[in-house]
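Start from the sequences, fold in the hints, and give me the full structure.
Protein chains in written order, with my numbering: chain P, 1 to 154; chain H, 1 to 506.
Because the hints were derived from the structure by calculation, they are not lab data. All values reported here derive from a predicted model rather than from experimental measurement. Every residue gets a Cβ at the ideal spot worked out from N, C-alpha and C, and that includes glycine. There's no promise every hint is true.
Said to hold, decoys possible - Sample of chain H residues at the chain P side, in silico, Cβ under 8 Å: (1) P251; (2) A358; (3) G419; (4) G420; (5) E463; (6) R473.
To be verified - Here are the simulated SDA-like cross-link-like pairs (lysine to any residue), alpha carbons at most 20 Å apart as the crow flies: (7) H:K124 x H:H291; (8) P:K89 x H:G488; (9) P:K89 x P:E108; (10) P:K89 x H:F354.
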Amino acid sequence: MSELHVEIDGRGVDVPQGWRLAWVDRLAGIARLDNGERSELVVVEGQGTAWHVNLRGRRIGVQVRTRREQLLAEAEVASRSHGGPIEVKATLPGLVVAIETEVGAEVEEGARLLTIEAMKMQNEVRAPRAGRVVELAVEAGRTVATGALLLRLE
Amino acid sequence: MRKDSGAVPFDSILVANRGEIAIRVIRACRELGIRSVAVYSDADEGAMHVELADVAERIGPRSASESYLNIGAVVEAARRSRAQAVHPGYGFLSENADFARAVIEAGLVWIGPPPATQEALGNKLAARRAVADAGVPIVPGLLVPLTDDQVPDLSAIGLPAMLKAAAGGGGRGMRRIDRAEDLPDQLQAARREAQSAFGDGTVYLERLVQPARHIEVQLLGDQHGHLATLGERDCSVQRRHQKLVEESPSPAVTPEIRAALYDSARRVAGTVDFHNAATVEFLLDTDGNHHFLEMNTRLQVEHGVTELVTGLDIVAWQIQIAAGEELPDALLEPELHGHAVEVRIYAEDPWNDFRPLAGSVTTWRPPQGPGVRMDGAVREGLQLTPEYDPLLGKLMVHAADRPAMVARLRRALDEMLIGGLQTDLGFHRWLVDQPSFASGDYHTGLIVVEWGSGPELAHDLAEMAAAAATAARASASTRPSAASATTGTATTSAWAAAARREALRR
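Structure representation (structure tokens):
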């Protein structure tokens, strides 16, 4: 077990001993997880290092890495944390109903950049930090998916 | 229509909707021997409602405004398919009087309340005035629109207060006001939201009644002056002023309160020329007093719980009423049998403010067995698009009494398996174990107060997830056909080695 490093929400988790995962429907990812005392139906999805376990209605993201994969992941995090331009992405899917800034605009942290309507709500997208808008990737009237690039700040 | 119902005005219905409610109406059509016509946008070509209908007509591209909200396209589809009546479902064009008029002017039967009635009740502010005149208690507050330059007397209304859109409904254009100085900013925000959602920025202000329960009375009215009151539904479990769980009867409603609710609901319906199906919504305060909120002139999402406790088929009755049938006396105030609840399964993340999610449903195993009803529109592999409502299905259970209902709901939720995206299933599993829900003593603040941003992941659940993922990776990398894998020292070296091999290959 010491060979595998498991993380949930960025925190290391010790893998408990003695749990058995028996596939009920491998294609659908359905399995029974039990340790002789407790037993639970789960849906497991994923491959390689990235897994999701649907347990009691909660979808839990789990990273399962070998020591080598863990070292690579840590190196990547370190290289990513050096300033530079940032991308503002959609945190939910919806319709862009208003753009409240323009390319070249200097914005304060918290300034309203655009409005996305989703699920009958208008959600304001605000600047995560002060900067200059260097690219607008969407226009009003467009639908965006979660994670879609909205604009770049420098 | 039923063969014994004499002169039948139609034998073919166009269902102007999508998703689970389109399927619900199509099923009623089949049971009545009526031909059903589905409509679909380009996003829904392979959707379940298209598959289940007798005929399907394309009405436009993905965006709702060019398809399901396009009056001309829907009416044209009805003409093309030679449908004789139109059922609008809920949402989309269901409360749009222009649509109802266009349907009627095309010579088709409209399955819903008359357009003039929809219009009269669609303006919530006008409805407040009419209903107050009819002697029904309303939520204290303004009877006239709020203007930008005139400061309302907040001390008379009371704080906290609620800004609401006159043309509103469904929680849109609503803003809570806690301090007088917040009013100008919130007023602009509410106006913007109302303008964009309804094309009308008129807003008004009413007191926020809390703690309160959201209680609604289901009505059916025929074209011969009969009005049926079909019990109440308690819809107090809400997020963003939108319902998530509905039960009938309400644990807070005594026979005396029910009689008072029925009386008010009848008076509200009496302010307009009403027939077909509608729901009158009230807030019930802790003293047992009710206050009128609004009347919805359409089928509600949660109509199924009323069907379970009354034994009536509300959608079939909508169709029969539109065909001119009479409601028999025995149905006007039916006895309520047992207890029913509905939990809405939404593709949204309850641990992130119930934010809607897109993605695909890779695993969908609804529960079965005694007292369980699932109205859904999901097949494994379904790709959700941000264009439409993220409702995946409605899980309903019915049992002899409330404790049995709670136990049955817990059992059904335990059987339900979903994979591919986060849904609010985890919230519902939490809810059934809360003392407030189990006892029935809860109000509209339940989610904000008790759920908040959701419980942290418990240590034992994190460990189980870690065990499942580790074992899944091991069984994936050893033999694709492996039936099981175990965590623990005995097998560690074999599958850690396998994982290492796999990592090197990548």
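- Message: Next item in the hint list is P251 of chain H. Is there a CB on chain P closer than 8 Å to its CB?
- Response: Violated: closest Cβ of chain P sits about 24 Å from P251 of chain H, beyond 8 Å.
- Query: Does R473 of chain H pass the interface check with chain P, least Cβ-Cβ distance below 8 Å?
  - Reply: holds (5 Å)
- Item | Status of the hint placing G419 of chain H at chain P (closest C-beta pair under 8 Å) | At about 4 Å, which falls below the 8 Å cut-off, the nearest Cβ of chain P leaves the hint on G419 of chain H intact, so it holds.
- Query: Holds or violated: is there a CB of chain P closer than 8 Å to the CB of A358 of chain H?
  - Reply: holds (4 Å)
- Quickly compare the C-alpha distance for K124 of chain H and H291 of chain H to 20 Å and report which way the hint goes. holds (14 Å)
- Query: Hey, does the G420 of chain H contact hint survive, CB to chain P under 8 Å?
  - Reply: Holds, because the Cβ-Cβ distance from G420 of chain H to chain P comes to roughly 7 Å (cut-off 8 Å).
- Item | Hint consistency between K89 of chain P and F354 of chain H [alpha-carbon to alpha-carbon, up to 20 Å] | holds (18 Å)
- Between K89 of chain P and G488 of chain H, is the straight-line Cα distance small enough, at 20 Å or below? With a Cα-Cα distance of about 41 Å, the restraint between K89 of chain P and G488 of chain H is violated, given a limit of 20 Å.
- For the hint on E463 of chain H, just tell me whether its beta-carbon gets within less than 8 Å of chain P. holds (5 Å)
- Query: Do the alpha carbons of K89 of chain P and E108 of chain P lie within 20 Å of each other, as the hint requires?
  - Reply: holds (17 Å)
The structure fails to meet hints 1, 8 from the earlier list, while all remaining hints are met.
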